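Peer 1: Chain residues, written in single-letter form:
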Amino acid sequence: MKPKEKSWKEISIAAVCWKPSTETLTGDWKTYMPVRDLEKCTRCLLCVLFCPDGAIHWKPEKGDIEFDYNFCKGCGICANECPTKAIEMKLV
Amino acid sequence: MRLIIIIWEALFGELKAVENLFEVRWHGRGGQGAWTASELLARAAIYDGKHVQSFPEFGPERMGAPVTAFTRISTKPIRMHCSVYEPDAVAVLDATLLKTVPVTEGLNKKGVIVINSKESPADVRKMLKEDTGRVWVVPATEIAIKFLGTPMTSTAMLGALARVTGIVGLESIKKAVEERFKRSDIVDKNFAVIKETYEKVCSE
Numbered sequence: 857m858k859p860k861e862k863s864w865k866e867i868s869i870a871a872v873c874w875k876p877s878t879e880t881l882t883g884d885w886k887t888y889m890p891v892r893d894l895e896k897c898t899r900c901l902l903c904v905l906f907c908p909d910g911a912i913h914w915k916p917e918k919g920d921i922e923f924d925y926n927f928c929k930g931c932g933i934c935a936n937e938c939p940t941k942a943i944e945m946k947l948v
Numbered sequence: 014m015r016l017i018i019i020i021w022e023a024l025f026g027e028l029k030a031v032e033n034l035f036e037v038r039w040h041g042r043g044g045q046g047a048w049t050a051s052e053l054l055a056r057a058a059i060y061d062g063k064h065v066q067s068f069p070e071f072g073p074e075r076m077g078a079p080v081t082a083f084t085r086i087s088t089k090p091i092r093m094h095c096s097v098y099e100p101d102a103v104a105v106l107d108a109t110l111l112k113t114v115p116v117t118e119g120l121n122k123k124g125v126i127v128i129n130s131k132e133s134p135a136d137v138r139k140m141l142k143e144d145t146g147r148v149w150v151v152p153a154t155e156i157a158i159k160f161l162g163t164p165m166t167s168t169a170m171l172g173a174l175a176r177v178t179g180i181v182g183l184e185s186i187k188k189a190v191e192e193r194f195k196r197s198d199i200v201d202k203n204f205a206v207i208k209e210t211y212e213k214v215c216s217e
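Top to bottom, those sequences are chains R and F.
To get my numbering, take the position in the first sequence, counting from 1, and add 856.
To get my numbering, take the position in the second sequence, counting from 1, and add 13.
Any given hint could turn out to be false.
[Said to hold, decoys possible] Subject to a maximum C-alpha distance of 20 Å in a straight line, what follows is the list of computed EDC-like cross-link-like pairs (lysine to aspartate or glutamate): (1) F:K159 / R:E944; (2) R:K946 / F:D101; (3) R:K946 / F:E217; (4) F:K131 / R:D884; (5) R:K886 / R:E861; (6) F:K142 / F:E99; (7) R:K860 / F:E99; (8) R:K875 / R:E861; (9) R:K886 / F:E155; (10) R:K929 / F:E74; (11) R:K886 / F:E132; (12) F:K139 / R:D884; (13) F:K89 / F:D61; (14) R:K941 / R:E922; (15) R:K946 / R:D909; (16) F:K112 / R:E922; (17) F:K112 / R:E879; (18) R:K929 / F:E155; (19) R:K886 / F:E74; (20) R:K860 / F:E118; (21) R:K860 / F:E143; (22) R:K918 / R:D884; (23) R:K860 / R:D884.
Source of the hints: derived by calculation from the structure; they are not laboratory data.
In this text, all values refer to a predicted model and were calculated from it rather than measured experimentally.
Build the full structure now, drawing on both the sequences and the hints.
Peer 2: Rendered as structure tokens:
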């Protein structure tokens, strides 16, 4: 049957979350994933601003952006907002 | 003598009722239609003259959160109102749930587990924690996108489950889909999905 759950004495006070959400990968269930066309992309960084999960990172040392597929839920907002249509949603 | 007959009936009458009971557990994610699928199966079973129950169990109510739904089908009126703990069949609407949710929990050895996956049944078997039940696999997401345009795998998995368990016929599923979705174009698309998965589901 189900694994034994923790008693109220074992969990943190007032059931405050003791694990940061960065430890739980929230983007593993997506159906579509964004793929970027490097030649079309103008690095305008609109997708970084629009991403609701903060899964697109600006890397200043590379001068380029990076998708974090561990947290991307595949919503397609970045592909919709991209002014040059450089992002395409592909089936995983 | 009369007493013996009464005791006999009380014992084996109950056992028979247990045998006639068929329980299904659906694992899905919010927005994929696990609850709809369980409801459609229940409605289809009503057209086959069975007694049914259909109910969901939510965690956080949002898109993408794991959802469980249950269907209970019996030839006799169902007096049980508890959750399903030992299902005869399990349907998994999303293959990524295999990593996080114990899908084989409580499944009996003669049971079946139908999984939406592109991989072969042998590969999916390795991802399961327990070694119970027979594994069936169907690429439901591809089929759903082909006909519906959205990755909603509820009707796709219903078709596969109907083929695997044989608990309801395609005719009664069609009636149930017509009753549930009402609009004729949606009904036609969904029934095309059901027919396709009904043929394409494969076992190890």
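Peer 1: Taking the hints in turn, state whether each one holds.
Peer 2: Evaluated hints:
1. F:K159 / R:E944: Since the Cα atoms of K159 (chain F) and E944 (chain R) sit roughly 18 Å apart, the hinted pair holds (cutoff 20 Å).
2. R:K946 / F:D101: Violated - the C-alpha atoms of D101 (chain F) and K946 (chain R) are around 36 Å apart, more than 20 Å.
3. R:K946 / F:E217: violated, 29 Å
4. F:K131 / R:D884: Between K131 (chain F) and D884 (chain R) the Cα gap is close to 16 Å, so the pair holds against 20 Å.
5. R:K886 / R:E861: Distance ~29 Å between K886 (chain R) and E861 (chain R) Cα, so the pair is violated.
6. F:K142 / F:E99: holds, 16 Å
7. R:K860 / F:E99: The hint holds at about 18 Å.
8. R:K875 / R:E861: holds, 16 Å
9. R:K886 / F:E155: Roughly 14 Å separates the two Cα atoms, so the pair holds.
10. R:K929 / F:E74: Distance ~17 Å between K929 (chain R) and E74 (chain F) Cα, so the pair holds.
11. R:K886 / F:E132: holds, 17 Å
12. F:K139 / R:D884: holds, 19 Å
13. F:K89 / F:D61: Satisfied, since the Cα-Cα distance of roughly 13 Å is no more than 20 Å.
14. R:K941 / R:E922: Between K941 (chain R) and E922 (chain R) the Cα gap is close to 17 Å, so the pair holds against 20 Å.
15. R:K946 / R:D909: Holds. K946 (chain R) to D909 (chain R) sits at ~19 Å (cutoff 20 Å).
16. F:K112 / R:E922: violated, 26 Å
17. F:K112 / R:E879: Holds: K112 (chain F) and E879 (chain R) sit about 15 Å apart, inside 20 Å.
18. R:K929 / F:E155: The given pair, whose Cα atoms are some 18 Å apart, holds under the 20 Å limit.
19. R:K886 / F:E74: OK: K886 (chain R) and E74 (chain F) at ~18 Å, within 20 Å.
20. R:K860 / F:E118: Distance of about 14 Å is within 20 Å: holds.
21. R:K860 / F:E143: Cα-Cα ~18 Å, so holds.
22. R:K918 / R:D884: The hint is violated at about 26 Å.
23. R:K860 / R:D884: This hinted pair is violated, its Cα atoms lying about 26 Å apart.
Taken one by one, the earlier hints fail for this structure at numbers 2, 3, 5, 16, 22, 23, listed in ascending order.
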